[in-house]
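For chain A, the structure is supplied; the task is to place chain B on it using the hints.
There are 2 protein chains.
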Amino acid sequence: MVAAREAEKRPRVSTIKYGIRPVEVVSPEQLERIHQASLAILREIGIEFRDETAIRQWKEAGADVKEHRVRLEGEMVMDLLAKAPSSFEMTSRDPSQRFEIGLDTMTFGAMQGAPNVRDLQGVRRASTIADLRDMNRLTQMLPGFHIAGGFTCEPTDIAVPWRHLHINHSSLVETNMPFFGLTTGRERAEDSIAMGRIVHGKEFMDQNAVMMGHVSGNSPLVWDATMLEGLRAFVEANQVVLLSPFVLGAANTPADIPATIAQLNAEALAALAYTQLVRPGAKMIYGQYSVSVSMRSGAPMSGMPEVTLLNAVIGQLARRYGVPWRTTASQSSAKTFDAQSGYESAVAYMSGASACANLMMHAGGWDEAGLVCCMAKFVADAEQNLLIEKYAKGISFENFDDALEAVRRIGPGGHYLGDSFTLKHFKDAFIAPEILDYLSYEQWKVKGSKDMAQRCREKAKDIIASYEQPPLDVALREELDAFVAKRQEEISPSIA
Amino acid sequence: MVAAREAEKRPRVSTIKYGIRPVEVVSPEQLERIHQASLAILREIGIEFRDETAIRQWKEAGADVKEHRVRLEGEMVMDLLAKAPSSFEMTSRDPSQRFEIGLDTMTFGAMQGAPNVRDLQGVRRASTIADLRDMNRLTQMLPGFHIAGGFTCEPTDIAVPWRHLHINHSSLVETNMPFFGLTTGRERAEDSIAMGRIVHGKEFMDQNAVMMGHVSGNSPLVWDATMLEGLRAFVEANQVVLLSPFVLGAANTPADIPATIAQLNAEALAALAYTQLVRPGAKMIYGQYSVSVSMRSGAPMSGMPEVTLLNAVIGQLARRYGVPWRTTASQSSAKTFDAQSGYESAVAYMSGASACANLMMHAGGWDEAGLVCCMAKFVADAEQNLLIEKYAKGISFENFDDALEAVRRIGPGGHYLGDSFTLKHFKDAFIAPEILDYLSYEQWKVKGSKDMAQRCREKAKDIIASYEQPPLDVALREELDAFVAKRQEEISPSIA
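Respectively, the protein sequence lines represent chains A and B.
Under my numbering, the letters of the first sequence match residues 5 to 500, in that order.
Under my numbering, the letters of the second sequence match residues 5 to 500, in that order.
If you're looking for bench data, these hints aren't it; they were derived computationally from the structure.
Chain copies aren't distinguished; within one or between two, either way the pair holds.
Heads up, simulated EDC-like pairs for lysine to aspartate or glutamate below, C-alpha to C-alpha not over 20 Å straight-line:
no. : residue 1 : residue 2
1   : K449      : D123
2   : K397      : E33
3   : K428      : D406
4   : K21       : D108
5   : K87       : D108
6   : K21       : D432
7   : K490      : E191
Next comes chain A alone, as it looks inside the complex:
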């Protein structure tokens, strides 16, 4: 109940406008060099669209197509890109869930795709549908998220061909937030859209984006049918697509940062342009997921400076193209929710915010290079989102003159604690976290010497205990349940 009241106190984050100017890693001339290299890759090497529909569409648009290899002129790419919106809204059945994703805004989405959880007892194990529901309950209750992750953790107790049904069901029932649907293949994407339409209505979704679809590339220089089918289903239903080349530095890109950026930018440009070919004005985000790879173990490494630099350049490119971009926040490779997890996550957060990323993906729970969704970390990250929001907004000069009067009043050697300006403004001036602990060592010992992981687990338990399902019309809920049951009868639970 305490947790519920605390969550109520603070409404969910809405549109966050950046007040800071982004860190920039390359000069305008260097940015142009990377851009031109990307266009040269698309023109000279080309890119593979392993999908017959896309191939037909590119041919009709006048591209140079040989089998699945599509070679694109820069002019065609840029003409298509010019049709893309530089900002758009997402919303949901709760009308208070409405926010803008744009070139100058920041949004937070929960993590996705973990096959394991670190649960409320701190035990690492395969995740189930019950865990996914708990994760969605936490997402719904914590104010630090704009978008529910959809498949925050995998319900591994449900057959793979049925999973997308239960994932969407939980997103739509446990939360009333915009959420990530499933895009892996035509059927799953269409099921996702159909389930969204049951709850929101087709007409509402034709006018409003309530879902986002994650469309991953296959670096180097391949987009495959499974993903492109999902892209088309979402775009045709006026929902948002996130187009993400997947970079493992030095494994599927060159061992060079600017050349890695040039390649992933070529991949992104091809998919962004294709999306506008499918539907001019389609809502889309320049995505990418990048890690460098340990040359000792082959393992992906989080929070590395090369990825931080790469992110900032992607930001510069996205602003050049006028398209919102995403980065990955809160990622860590730690095997337990320890100091490593904190260092790596905060580097990812600050690197995304300082580069003015428009969508902070995986901003909650991501540990062990994405193999674990840590419930404790999710609570910590949700609070980090609120701190990062405040940083992103920058400084207000609204009370500057009044505050300078206080300086005059207090003078040398005084103190401000009792001053009228302080009493009026201290609550808004400085944020006060609840999970980060500022007790003295002695107070902290009296309270049980709890480390951050322990405090977060307790908080997560409180929140889940106090969770209340958001209202959903009974008839719609029954229709949704029936849809899942019907599709389970139609789809074989065995993978073909």
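The following block gives chain B in isolation, referenced to the frame of chain A:
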């Protein structure tokens, strides 16, 4: 021995030139507004120099002085500031220790002033001279520091009036690095300079800066005699001073970020100008230490967004004035080396680096709001320094064209692991940390399921076990020991 070899592999950080452009929080017009507000504070309210020598010097310079209140015209302040160097070198008896502190460089100093350690068994207790020696041994061995912290932790087993002697002794014996001397009062500052001169020679120090002195202000708007005496001793000996207003947001500054900056900037400007009055061309750094204060407990809070924003604006101001600036890296309020410690530290690191801070102070070991020097965290932070160095340097285009040839060679759907470009460049392209762990979960379990704190404690033990004292002429060492003995006879161990 492994640790020693690893430390040898990587030479100590030298001059680090920024390759990124800093994040900016306020517009040029807003920056000018803050600057003008600072000048108005100095002109209209004035600032107290509670020190007769400084008062005399300000009078002679033509300032408006009434008792200890000094009112300064903007023109006088800016004329004095124009005499300050925008960069300078620090060095030591080891000629390989030579680096530049400037407007476009980054340096790392170890933490200072903790009265407690969290030791190699993870136990928190009052720190001793043996701990300080261990901290200096770690500083000497780890490649991530430019400057030894001097009083990294307090030798609480030595009488306060004698401590500065033993602190300087350890800096000069355990390390051969530039280091922080003591500035609290004329005698301690003069002892520090005298001890430096024993080892380095007066003539060498007249030409080269080997020491830095930390000169703290007394916000709001006071500089006291103890600190100003230390300032003069260091500046007259051609050593560096770091001028630091000490901000507890909403306690000794207004509860408003830009007004807090205007006040601390006024304090800094007065001290920076005074330093140039004492000795034109004096080597100095625009410092400041800022935390916001919890309105629940009164405790200082680390890693808060307000301080991140404030830091970035200080960077903008310092660049306007042409003076290097410092920020605080690695600060945390955590009571144990847990995820909170990691989050808060990395926020401080990234905020300093993204704002292009020139001196990253307390970049190693700082926990519990500075009340603890954590030996494990010190090792973790030393590695973070190397990661942050790589970020700060930005992106090289040196191999860009060759790497793009690799893109052409590999084409769609291939992979780069065996490519000649990869084999030639992967080691330089991506940094490979040793303390951050990238094993798989299964490998990590086999290796003992060690969290970061445990891995760091083990590494610290290895390093201390393999430590070798840097060479120091026997006669000089004897002279240094004799100086300490003589001064201990002269100084009463009881505080007057």
